[in-house]
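> Going line by line, the protein sequences match chains A and B.
For the first sequence, our numbering assigns the number 1 to the initial residue and increments by one for each residue that follows.
For the second sequence, our numbering assigns the number 1 to the initial residue and increments by one for each residue that follows.
Be careful, since some hints might not be right.
Claimed, not checked - Residues on chain A that point at chain B, a partial pick, calculated with CB under 10 Å: (1) Thr103; (2) Asn222; (3) Trp226; (4) Gln232; (5) Phe245; (6) Gly246; (7) Val252; (8) Ile269; (9) Ser275; (10) Leu277; (11) Gln278.
No wet-lab data here; the hints were simulated from the structure.
As the structure is a computational prediction, the values presented were derived from the model and not from experiment.
The beta carbon of each residue, even a glycine, is placed where N, CA and C say it ideally should be.
The chain contents come next:
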Amino acid sequence: MARKFTLSPLPGLPGFCEQFRIRAQEKLRPYASGRHIQLWRGHSLEFRDYAPYIRGDDIRHVDWRASYRSGKKDEWLIRRFQAEEGWNVIVSVDNSESMYLPTLFPKISMAAWAAEAIARIALCSDDRVYIHRLFGMPRPLASFQSTSALPRVFSTLREFVKESAPENSKMNLSQLRGSFFTNAALIILSDFYFTDQQTYLQEMASFIRATEQGWRWVILVNLNSWPFEAWQLAEKTAGSSHRVFGPGTQEVIECDATAETLKIIEQNIDTCQKSFLQAMQRENFDLKWDWVHGPVADPLQFFEKCFTLHSSHGEKQQNPFYQLFIRQR
Amino acid sequence: MIVPVVFSIFLIGLVAIHMTRPRFNLHEISAARFFKNLPPPKNRQKRLNIGNPLKSLPLYFQFFMLALLLTATLLSQQSVRASSTARRVGLWVLVDTSASMSTTDSGQIRILAAQKAATQALLTAQELNSETKVPLCARLSAFDLERRDIIPPTTDLSAVDRGLAGLTARPLGTNLTLLQEIANNPDKADEQQDVSDETCSITHLIIVSDLPAPEWASKQEEIGIVWMDIATPVGNAGITAIHSLRDPITAKVYQVQVELTRYGIIDGQSLRITSPGGQVVKEEAVVWGEDNLWQGSFQPADSGLYIMQVLPDDAYRFDNEVSIDITTGSDLKVDWRLADNSLLRFLPWQQDAQNPDFRVVASFSDLTGQSPELLVGPGYKANGGNSEEINYFIEGHPLLKDLNFDVAVESGNAGQPLPEGFEMVLASKQGVWIAQRKSPPAVYVPGLPQGDGNLNAFSTTVFFNAVRWLLQVGPQPPLYTLTTPQQPLPEGNRTALHEDEGDTARTPASMGSLDELRPIQVQTDQQPTWPFWVAGAILVFLVERLLFAFGGDRWQ
Chain A
1 MARKFTLSPL PGLPGFCEQF RIRAQEKLRP YASGRHIQLW RGHSLEFRDY
51 APYIRGDDIR HVDWRASYRS GKKDEWLIRR FQAEEGWNVI VSVDNSESMY
101 LPTLFPKISM AAWAAEAIAR IALCSDDRVY IHRLFGMPRP LASFQSTSAL
151 PRVFSTLREF VKESAPENSK MNLSQLRGSF FTNAALIILS DFYFTDQQTY
201 LQEMASFIRA TEQGWRWVIL VNLNSWPFEA WQLAEKTAGS SHRVFGPGTQ
251 EVIECDATAE TLKIIEQNID TCQKSFLQAM QRENFDLKWD WVHGPVADPL
301 QFFEKCFTLH SSHGEKQQNP FYQLFIRQR
Chain B
1 MIVPVVFSIF LIGLVAIHMT RPRFNLHEIS AARFFKNLPP PKNRQKRLNI
51 GNPLKSLPLY FQFFMLALLL TATLLSQQSV RASSTARRVG LWVLVDTSAS
101 MSTTDSGQIR ILAAQKAATQ ALLTAQELNS ETKVPLCARL SAFDLERRDI
151 IPPTTDLSAV DRGLAGLTAR PLGTNLTLLQ EIANNPDKAD EQQDVSDETC
201 SITHLIIVSD LPAPEWASKQ EEIGIVWMDI ATPVGNAGIT AIHSLRDPIT
251 AKVYQVQVEL TRYGIIDGQS LRITSPGGQV VKEEAVVWGE DNLWQGSFQP
301 ADSGLYIMQV LPDDAYRFDN EVSIDITTGS DLKVDWRLAD NSLLRFLPWQ
351 QDAQNPDFRV VASFSDLTGQ SPELLVGPGY KANGGNSEEI NYFIEGHPLL
401 KDLNFDVAVE SGNAGQPLPE GFEMVLASKQ GVWIAQRKSP PAVYVPGLPQ
451 GDGNLNAFST TVFFNAVRWL LQVGPQPPLY TLTTPQQPLP EGNRTALHED
501 EGDTARTPAS MGSLDELRPI QVQTDQQPTW PFWVAGAILV FLVERLLFAF
551 GGDRWQ
């Protein structure tokens, strides 16, 4: 049964998105050891500004004089040019049924807010943004450019997520294939509850592998609500049995809420996701946002923490968004 | 008693089963698919827990149950149903005891024939049902202008026979609507009366009368009707109508007209009228017309009770003699003082200045106050024909009876000044049209009857209203009255001259057959329906609990 959801706009975070700016990041070729930037011949290059040198940048663009003038001994400055090709950011939102839970703060809400935040940043940087639904009836990619398209971004997201895709829906990969450019980043926001029984798993794996072969970047963001749901199960009084139902089940399942049982479930989830990563030829997700083991008091605060690198455990992660978006000084 | 106890134990046991079922908390989890193939939960112990909810998911069961209980409460005793039926024969014998049942035909009085017929009907019913051994009950009533219950419902038919023997004809008319009401709902016919403890569901009406069966009886489907018309046509002649001619002024009777009607073959009648003094004032042979009617008349000379007789007596005698009370009067005596005495020549009034009934004068100065006086004004066109609006009138006054006020407005009479001692009855702003003086009685009118058309009618009505008012002429008593159930005996001018009772020559028309007096399935008892509604609610509760206990997850 399709689940319905009404998306509320991303609450205003003053200057939140404007602090980021897309920085064109060269994609590391599988066989290359460093990073390179491709110069497009025939394009007029107009100097735009200086940026700190990061390992992998083209050494030819280091402006030694500016670096010397900056006074910082170990910090080189590279020149950035106006004719750098704009980024194409494709945000793919998983709209399968499991994303519409838990009911108190569903994962789809986080995914939609993240998509909206990414779109804002990209549009502010004059880059093109595409919004994509991972499951359901095929639809053309929604394309946006310039900040004037921001209202349409929210309305498109609201339309995309208002109803979950039917169970066993196929992935909409055909639109993505046709839209992949030389300078593109595909961000998939999902809980990755893809079991082995779902035939599209291999299809998706081969697609992502092919995508990463070119100068394209695939970022997998795992929305993990299991800590919160485990807390829900364990929170009830002792001596009670539980009946669980949800996406992927035909009937109610009776279970205990013991620590042992919850551990088994966590392992099951982990096994499933590992098999997916294995198919992708990856070791980990690029980013994992874990729900807290308790009630979500302030969804907005929770989202901001996740999006701005502060993990639920207070540890700094290797956030690919840092690589994708550069915080302006 | 055992059944309710067992059922109660069963219900309690069912509730106890629910209390021992393990409690579950239901969760909707996004990772539900990873819960498959888990080991069975250990916490499925059954133990009695009062806190275990008794409710089940489908609330409509509870609502339905509550609706049934509410219906039972609302209906309570009002809604009933037949709880059982049985074959019965319930006879309601209704015998006509109106005046026509005193008719003698075929050598016997009709009421006796009716008694025999009813008795025979009861015997026949007994014979027909003797082999079936179906309970037979009967009741007896008499009807004329009212229904009288003679014998209440009983299985003792000899009591009904005794009741029949005591029936006599009464000098009253016949009201057949009483029978129709009984036929439409025989069980409700005794709401206002006490009935015996023996229940007797009426299955048949046995109506014994000298009237033919009416059309509604043949269309009756609710109950069987056997209509026994025991009459034999016999000739009868009698008084059917009496009219009086009265003085339009005094309302005193000056002539009485009598109408006789003949039924069947009979001849040689005469009408004799005897005065209050016992003298025969008229005796005339009746010559029947082709329409079997004859009319005669006489002028009563004296006031009092006149007896009109049709001689000789015949089969039906209640229309052969009628007494009427007549109040007569001589011609009016009037002291006419007007110059114009043309009206006096047309009216049967006598000029008498010595002992007049009333005086008619032209001027206020001529009033003496010694007798009722009529003061006549100068006429209706006195002011040259200008119309005047009515400014005052006494509503409902006898002097204004049947007057067309528009004529007064257009009459051109401005009205005269109010005579001293008089009160206005009809006046304009300019003056009075009609005035009265109560003591001694006097009336002022604008003039004598005059003019044409509306003015003539108006002026004539004014004049005679005034004369009647002066003479205090009121409603006159009727010449005769009819007997009633409260006063059934003819006495004085109370007579049994009820319509159609004298028609003794009708062709009899019975309906139905005594062979129809056989058992019919009737309801013998009624019970309220609310226990069934309660039983329905219990059944719903039972189904709901069974589903909850054994119906699987979808019912929990």
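> Go through the hint on Gly246 (chain A) and say holds or violated, using the shortest Cβ distance to chain B against 10 Å.
holds, 3 Å
> Grab the minimum C-beta distance from Thr103 (chain A) to chain B and call the hint holds if it beats 10 Å, violated otherwise.
holds, 7 Å
> Under 10 Å is the threshold here; is the Cβ of Val252 (chain A) close enough to any Cβ of chain B for the hint to stand?
holds, 5 Å
> May I ask you to test the interface hint for Asn222 (chain A) with respect to chain B, counting a Cβ-Cβ separation under 10 Å as satisfied?
For Asn222 (chain A), the interface hint is violated, since the closest Cβ of chain B sits about 13 Å away, which is over 10 Å.
> Grab the minimum C-beta distance from Leu277 (chain A) to chain B and call the hint holds if it beats 10 Å, violated otherwise.
violated, 17 Å
> Would you check whether Trp226 (chain A) satisfies its interface hint, that is, whether its CB is within less than 10 Å of any CB in chain B?
holds, 6 Å
> Would the hint on Gln278 (chain A) be counted as holding, given a Cβ-Cβ threshold of 10 Å to chain B?
Violated - the Cβ of Gln278 (chain A) stays beyond 10 Å from chain B, reaching only about 18 Å at its closest.
> Quick check on the hint: Ile269 (chain A) CB to chain B CB, less than 10 Å?
With a minimum Cβ separation of about 5 Å from chain B (threshold 10 Å), the hint on Ile269 (chain A) holds.
> Checking hints one by one. Is Phe245 (chain A) an interface residue toward chain B, by the C-beta closer than 10 Å rule?
holds, 6 Å
> Please verify that hint: Gln232 (chain A), Cβ, nearest Cβ of chain B, below 10 Å or not.
Given a least distance of 6 Å, the restraint on Gln232 (chain A) holds.
> Are Ser275 (chain A) and chain B close enough, Cβ to Cβ, to be under 10 Å, as the hint says?
This interface hint is violated because 13 Å lies over the 10 Å limit.
In this structure, the earlier hints numbered 2, 9, 10 and 11 are contradicted, and the remaining ones agree with it.
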